[in-house]
Amino acid sequence: MTGPSGSPLVGRGDADRHAAVTRSLLGYGVLAGPFYLVVGLAQALTRDGYDLARHDLSLLANGPWGWIQTANLVVTGLMTIAAAVGMGRALRTLGGGPGTVWGPRLVAGYGLGLVGAGVFVADPMNGFPPGIPDGPPTVVTVGGIGHLVLGGLGFLCLVAGALLLGRHFAGQGRPGMAWFSRATGVLFLVAFAGIASGSSSPVVVLGFWAGVVLVWVWLAVTSVDLYRRTPLLTPAR
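Heads up, the sequence shown is in the working numbering, so the first residue is 157 and it goes up one at a time.
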């Protein structure tokens with residue numbers, strides 16, 4: 157039997173709170189990406205001197221309105237961590253298997269990286285905010301280094317997490333999700349390598365934008381998949 161959302165009905169009714177919490181946490185995996193992109197693009201289209209083809213969103217944390225992007229990174233990171241906790245709970249309920257322990261943990265690491273990248277502000281560069289010389293930062297600060305290190309570690313966690321969850325989906329006989337997870341990990345690694353090179357080429361910057369959007373789509377699709385497969389009623393512990 158299945159419920160209204162298509163999720164299986166198994167276990168005892170007095171244990172449904174566990175399932176409800178798990179499914180609620182997975183909901184943040186659907187919300188995180190749209191929240192981050194809408195808030196980020198709203199700033200990108202209204203901040204003087206910002207160019208989507210030359211600047212990544214992290215630079216928006218500079219200037220008098222920079223607190224908006226800082227909050228965006230922190231809140232999105234916390235939502236990603238919540239989704240990762242939901243992933244871990246769902247995968248344990250569904251029987252575990254390869255990649256089900258460290259996959260969600262690494263996705264949570266990506267969330268922590270976002271929070272850290274919000275706390276530590278990227279150094280101004282490439283002419284943003286207006287008045288800053290074009291090219292690399294003229295002064296490298298502790299905050300700028302912290303932003304690069306924590307953000308970079310978070311990105312690598314995401315790549316590894318997607319690849320591990322791809323392994324899980326393959327073991328479960330779900331080739332579509334396995335392919336999507338692995339492709340996301342590989343393509344985002346390529347996009348990250350390009351932006352980490354320091355290049356401000358439109359091809360590199362827009363490629364990174366595409367990688368970021370792909371990651372949020374993957375997180376949402378994975379969260380919905382686990383949401384639908386998580387039993388509405390789970391066995392009492």
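Treat the hints as calculated values from the structure; they're not laboratory data.
Predicted model only: the values in this text are computed from it and were never measured.
Take these hints with a grain of salt, some might be off.
[To be verified] Pair ranges (Cβ atoms, derived):
id: 1; residue 1: Pro-331; residue 2: Ser-355; range: 30 to 36 Å
id: 2; residue 1: Val-177; residue 2: Val-295; range: 45 to 51 Å
id: 3; residue 1: Arg-330; residue 2: Val-177; range: 23 to 29 Å
id: 4; residue 1: Ala-339; residue 2: Ala-176; range: 28 to 34 Å
id: 5; residue 1: Ala-198; residue 2: Gly-251; range: 39 to 45 Å
id: 6; residue 1: Phe-191; residue 2: Pro-220; range: 20 to 26 Å
id: 7; residue 1: Asp-207; residue 2: Ile-301; range: 20 to 26 Å
id: 8; residue 1: Pro-331; residue 2: Thr-294; range: 48 to 54 Å
Just so it is clear, CB atoms sit at the ideal spot from N, CA and C, and this is done for glycine as well.
Do the hints match the structure? See the list:
{"no.": "1", "hint": "Pro-331 x Ser-355: 30 to 36 Å", "in the structure": "holds, 35 Å"}
{"no.": "2", "hint": "Val-177 x Val-295: 45 to 51 Å", "in the structure": "holds, 46 Å"}
{"no.": "3", "hint": "Arg-330 x Val-177: 23 to 29 Å", "in the structure": "holds, 24 Å"}
{"no.": "4", "hint": "Ala-339 x Ala-176: 28 to 34 Å", "in the structure": "holds, 32 Å"}
{"no.": "5", "hint": "Ala-198 x Gly-251: 39 to 45 Å", "in the structure": "holds, 42 Å"}
{"no.": "6", "hint": "Phe-191 x Pro-220: 20 to 26 Å", "in the structure": "holds, 22 Å"}
{"no.": "7", "hint": "Asp-207 x Ile-301: 20 to 26 Å", "in the structure": "holds, 24 Å"}
{"no.": "8", "hint": "Pro-331 x Thr-294: 48 to 54 Å", "in the structure": "holds, 50 Å"}
Comparing the model with each numbered hint stated earlier shows that all of them hold.
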